[in-house]
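Working from the sequences, and respecting the hints, build out all of it.
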Amino acid sequence: MTLPQYSNQFFPARFYEQESHADIINRVCNALEINTNSVEEFISSLPFSCNDATCGCENEFQAVVVGSSTDVDLPIIIRESTCYKNLLKRNERDGEHHKKIAGFEAYLNPERPARSSKHEEVWENSWVRLPMQQLNLYANQILDMDFYRDKQNPSGGYRKDMKRFFMEKNGTRYLRVPVSYLLKIALADAVGNPSVHHRLRSIAKGMMACCISDNSSPEVLSFFPSSIKSKAGRKLKVVRESAIRFLLIQLLTAYANTRFKLLENGQRVLVYFASHTPRRQKEFSHVIPDALYRDLFMSPCLSGWDKGEEKTAYMHTCHKVLSRSRLNAVNKLKDAGIITSNLVVLPNISDVSLANNGTHISIGSKKITRLLKEGSSEFTPADEKYLGDLCIKICEHFLPLFVGTYSATPYRLDFEDFHPEKILGFLPHELDFTHLRMLWKQWKKKADLKIFSQPLTPFGPEIMDRTIRRAFGLKGDIVPDFRLIDYFAAVMSTDENSALDGQEGNEKRLAGDLQEMGIFDERMSLYMLMRLRKESVHGFSGIEARYYSTFESLFNDLGGAIQLQRILLTFAWKMILEQNVTHDDIPDLPEVESERRQIFFGAAIGVKTVFIRENTHNHFLASILSMIRKKKESV
Numbered sequence: 001m002t003l004p005q006y007s008n009q010f011f012p013a014r015f016y017e018q019e020s021h022a023d024i025i026n027r028v029c030n031a032l033e034i035n036t037n038s039v040e041e042f043i044s045s046l047p048f049s050c051n052d053a054t055c056g057c058e059n060e061f062q063a064v065v066v067g068s069s070t071d072v073d074l075p076i077i078i079r080e081s082t083c084y085k086n087l088l089k090r091n092e093r094d095g096e097h098h099k100k101i102a103g104f105e106a107y108l109n110p111e112r113p114a115r116s117s118k119h120e121e122v123w124e125n126s127w128v129r130l131p132m133q134q135l136n137l138y139a140n141q142i143l144d145m146d147f148y149r150d151k152q153n154p155s156g157g158y159r160k161d162m163k164r165f166f167m168e169k170n171g172t173r174y175l176r177v178p179v180s181y182l183l184k185i186a187l188a189d190a191v192g193n194p195s196v197h198h199r200l201r202s203i204a205k206g207m208m209a210c211c212i213s214d215n216s217s218p219e220v221l222s223f224f225p226s227s228i229k230s231k232a233g234r235k236l237k238v239v240r241e242s243a244i245r246f247l248l249i250q251l252l253t254a255y256a257n258t259r260f261k262l263l264e265n266g267q268r269v270l271v272y273f274a275s276h277t278p279r280r281q282k283e284f285s286h287v288i289p290d291a292l293y294r295d296l297f298m299s300p301c302l303s304g305w306d307k308g309e310e311k312t313a314y315m316h317t318c319h320k321v322l323s324r325s326r327l328n329a330v331n332k333l334k335d336a337g338i339i340t341s342n343l344v345v346l347p348n349i350s351d352v353s354l355a356n357n358g359t360h361i362s363i364g365s366k367k368i369t370r371l372l373k374e375g376s377s378e379f380t381p382a383d384e385k386y387l388g389d390l391c392i393k394i395c396e397h398f399l400p401l402f403v404g405t406y407s408a409t410p411y412r413l414d415f416e417d418f419h420p421e422k423i424l425g426f427l428p429h430e431l432d433f434t435h436l437r438m439l440w441k442q443w444k445k446k447a448d449l450k451i452f453s454q455p456l457t458p459f460g461p462e463i464m465d466r467t468i469r470r471a472f473g474l475k476g477d478i479v480p481d482f483r484l485i486d487y488f489a490a491v492m493s494t495d496e497n498s499a500l501d502g503q504e505g506n507e508k509r510l511a512g513d514l515q516e517m518g519i520f521d522e523r524m525s526l527y528m529l530m531r532l533r534k535e536s537v538h539g540f541s542g543i544e545a546r547y548y549s550t551f552e553s554l555f556n557d558l559g560g561a562i563q564l565q566r567i568l569l570t571f572a573w574k575m576i577l578e579q580n581v582t583h584d585d586i587p588d589l590p591e592v593e594s595e596r597r598q599i600f601f602g603a604a605i606g607v608k609t610v611f612i613r614e615n616t617h618n619h620f621l622a623s624i625l626s627m628i629r630k631k632k633e634s635v
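Just so we're aligned: 220 in our numbering is position 220 of the sequence shown, and the numbers increase by one with no gaps anywhere.
To be clear, the hints were calculated from the coordinates, so they are not data collected in a lab. Beta carbons: idealized from backbone N, C-alpha and C, even for Gly. Be a bit skeptical, because a hint or two may be false.
What the hints assert, rightly or not - In silico DSSO-like pairs for lysine-lysine, Cα to Cα no more than 27 Å straight-line: (1) 445 with 237; (2) 534 with 307; (3) 307 with 151; (4) 151 with 237.
Said to hold, decoys possible - Label-pair restraints from in silico Cβ distances: (5) 376 with 475: 56 to 62 Å; (6) 158 with 459: 52 to 58 Å; (7) 456 with 99: 24 to 30 Å; (8) 99 with 475: 26 to 32 Å; (9) 552 with 203: 27 to 33 Å.
Right, dumping it as C-alpha cells:
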C-alpha cells in the first residue's frame with residue numbers, strides 16, 4: 001500500500017540528532033541487511049519475519065480456594081480483622097452500622113446452590129495455609145531466600161512483614177501464602193527429593209523464576225522463548241509450550257492439595273483461565289476500606305523481584321492511583337457533557353481492575369536484538385525507540401481485528417448498570433471528549449435503552465431502576481470484551497507529551513503530566529495497548545501486546561493471534577523501511593490518538609459505527625479509509 005503525498009504545513013519535517021528521517025531509514029536498512037532483490041527476499045529480510053521472530057507469553061490466571069468459611073484463610077482473616085471487629089462493636093453501641101455489617105455477612109455467608117454443601121464455598125484470590133512441617137529442605141531453602149528484603153544482599157535481613165506469613169494452630173506452625181506463590185513452592189518441593197537428578201532441579205529453578213505475581217492472580221511466564229516459523233498457529237512451539245505450562249500448573253495444584261495437606265485441612269485450590277474480576281470480590285470492595293482490600297487481595301510479591309517489599313509498596317501505589325483515577329473520571333464525564341446533573345453514583349474508592357486477568361504476548365526480533373547487543377553504531381537504542389514507537393502507532397490501527405476474534409471477555413449488563421460513571425470505566429482518560437460522547441451514544445443505541453422511543457438511562461436508586469427494567473422489558477446489553485473497558489488499557493497523550501513520539505524519556509514525561517492531572521503516578525509504568533520491550537531492560541528487543549483477554553482454545557486461537565500479531569509487526573516495518581509512513585503521518589496529538597483507539601474500544605463494546613474526521617490529520621488512517629467501501633458522511 002502506498003500512501004498519498006500530503007503537505008507538511010502542519011507537521012514539519014522531523015530531525016533526529018541532525019539526521020533526517022530518510023537518512024535514518026537508509027542507515028537502518030543497511031544495518032538490518034534488508035534484501036531488495038525481489039519482493040520475497042525483501043519480506044523475508046524484514047524484522048519480525050518468519051525466520052527472525054521469537055515469541056513468549058505471560059498468562060494471568062484466576063485462583064480460588066474451595067472450602068468452608070471456617071477453614072479457608074480469606075474469611076478467617078476478614079473475621080479477625082480490626083476493621084470487622086470495630087464495626088461490630090460500634091454497631092452494638094449505636095446500632096447504626098447494620099447495613100455495613102450486612103455487606104460483610106453476605107460475603108462471609110454466600111448463597112449456595114441447593115445441591116452444594118457448606119464445604120463447597122468458593123473464595124476467589126484467597127491465600128492458603130499449609131503446615132510448615134510438610135515442606136522439605138529444598139522448599140524451605142527457596143522460601144527462606146524469598147523472604148530476604150533484598151535477594152541480592154542476604155546480609156540485609158528479612159522482610160519487615162514476615163509475621164503475616166506465619167500462624168499457629170493447635171501447636172502446629174502454618175505458612176500463609178497466596179496461590180501464586182504456592183505454585184512455586186510446590187515445584188520446589190516436588191524436585192527437592194534427594195533422589196531427583198541435580199540437572200532436573202536446576203531446570204526447575206529456572207521455571208520457578210517464571211512463577212510471579214504482582215497483582216491478585218498467579219502469573220506464569222513462558223519457560224523459554226520460541227521461534228515463530230511459517231506454520232499453522234496450532235503447530236507453533238509457543239502454543240505447545242503454553243499448553244504444557246498450563247498442564248504443569250494443574251499438576252502442581254493437585255500436588256499441593258495433597259502433599260501440603262490442603263484437602264485434609266478443608267482447602268481445595270483451583271487455578272484456571274478467567275479474565276473478569278470475580279463478581280463477589282467486586283461487590284465486597286464496596287463494603288470494605290481500600291486499605292483492607294489491599295491487605296486481603298494484593299500480592300506480597302514474594303517471587304519475581306529481588307526487593308519484594310518495595311514491589312508490594314509499588315503495587316499498593318498503583319491501586320491507590322487507579323482508585324483515585326476512577327473518581328477523577330466523573331469530573332471528565334461532566335466536562336464532556338455525558339453527566340448532565342449532580343445525581344451520580346460515585347465509583348468505588350477501592351478499585352478492583354487490577355484483579356482482571358489477561359494474556360500478554362511479546363514478539364522479539366533476532367536481528368534488532370543482535371545489533372543492540374553488539375553495540376552497533378548503525379542501529380542504536382535511540383533507533384530502537386524511534387522506530388519502535390512508529391511501529392506501535394501503525395499497529396494500533398489494526399488492533400480491532402483481534403478483539404472478539406481470538407480472545408474475549410463476554411459480559412452481561414443490566415439496565416441498572418448503565419450509569420456512565422460506572423460503566424465507562426477508564427474511558428474518560430483514554431479517549432477525547434468528542435469520541436467519548438459519540439461512543440456512549442452508539443453504546444446506548446446498541447443496548448436499545450428507550451421507553452416510547454425516548455432514550456433513557458438509570459436514575460440511581462436501585463429499586464427504582466430495577467422496577468423500570470422489569471416494567472418496560474429493558475434487556476441491557478452483552479459486551480464482547482468488557483475487560484478492555486473496565487481496565488485502564490491505554491493512557492492518552494497530553495498536548496505537551498506523548499508516549500509514542502519516538503523520543504527517549506517520553507513515557508516519563510507523559511507520566512509526569514498525568515500525575516499533575518490526578519490520573520496517574522510518575523512512578524508507575526504506563527498502561528499501553530502495545531509496549532516496546534527494550535533490549536537494555538529485557539534482554540531482547542520487541543513489542544509486547546497487552547490486549548488479549550481469554551482464549552477459548554489455546555490450540556485454535558492463541559496460535560492464530562500470534563501469527564497475525566507477527567504479520568502485523570512485519571507489515572509495519574515494511575511500511576517504515578519503504579518510507580511510506582513517518583511519525584508526521586500519524587501526529588502525536590491526543591485527538592489523533594483517540595481517533596484511532598476509539599475503533600478498538602468500540603470493537604470491545606460491540607458498536608458498529610465510529611466517527612472519523614473527513615479532514616483528519618492522521619494521514620495513515622485516511623489512506624486506510626480511502627479503501628473502505630461502506631462509509632457515510634455525517635451531516
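Hint-by-hint comparison with the structure:
1. 445 with 237: violated, 44 Å
2. 534 with 307: Distance of about 22 Å is within 27 Å: holds.
3. 307 with 151: The hint holds at about 7 Å.
4. 151 with 237: Violated - the C-alpha atoms of residue 237 and residue 151 are around 33 Å apart, more than 27 Å.
5. 376 with 475: 56 to 62 Å: Holds, since residue 376 and residue 475 (Cβ atoms, about 60 Å apart) stay within the stated range.
6. 158 with 459: 52 to 58 Å: holds, 54 Å
7. 456 with 99: 24 to 30 Å: holds, 28 Å
8. 99 with 475: 26 to 32 Å: Distance hint for residue 99, residue 475 holds at roughly 30 Å.
9. 552 with 203: 27 to 33 Å: Once the Cβ atoms are compared, 31 Å apart, the range 27 to 33 Å for residue 203 and residue 552 holds.
Against the hints set out earlier in the document, violations occur for numbers 1 and 4.
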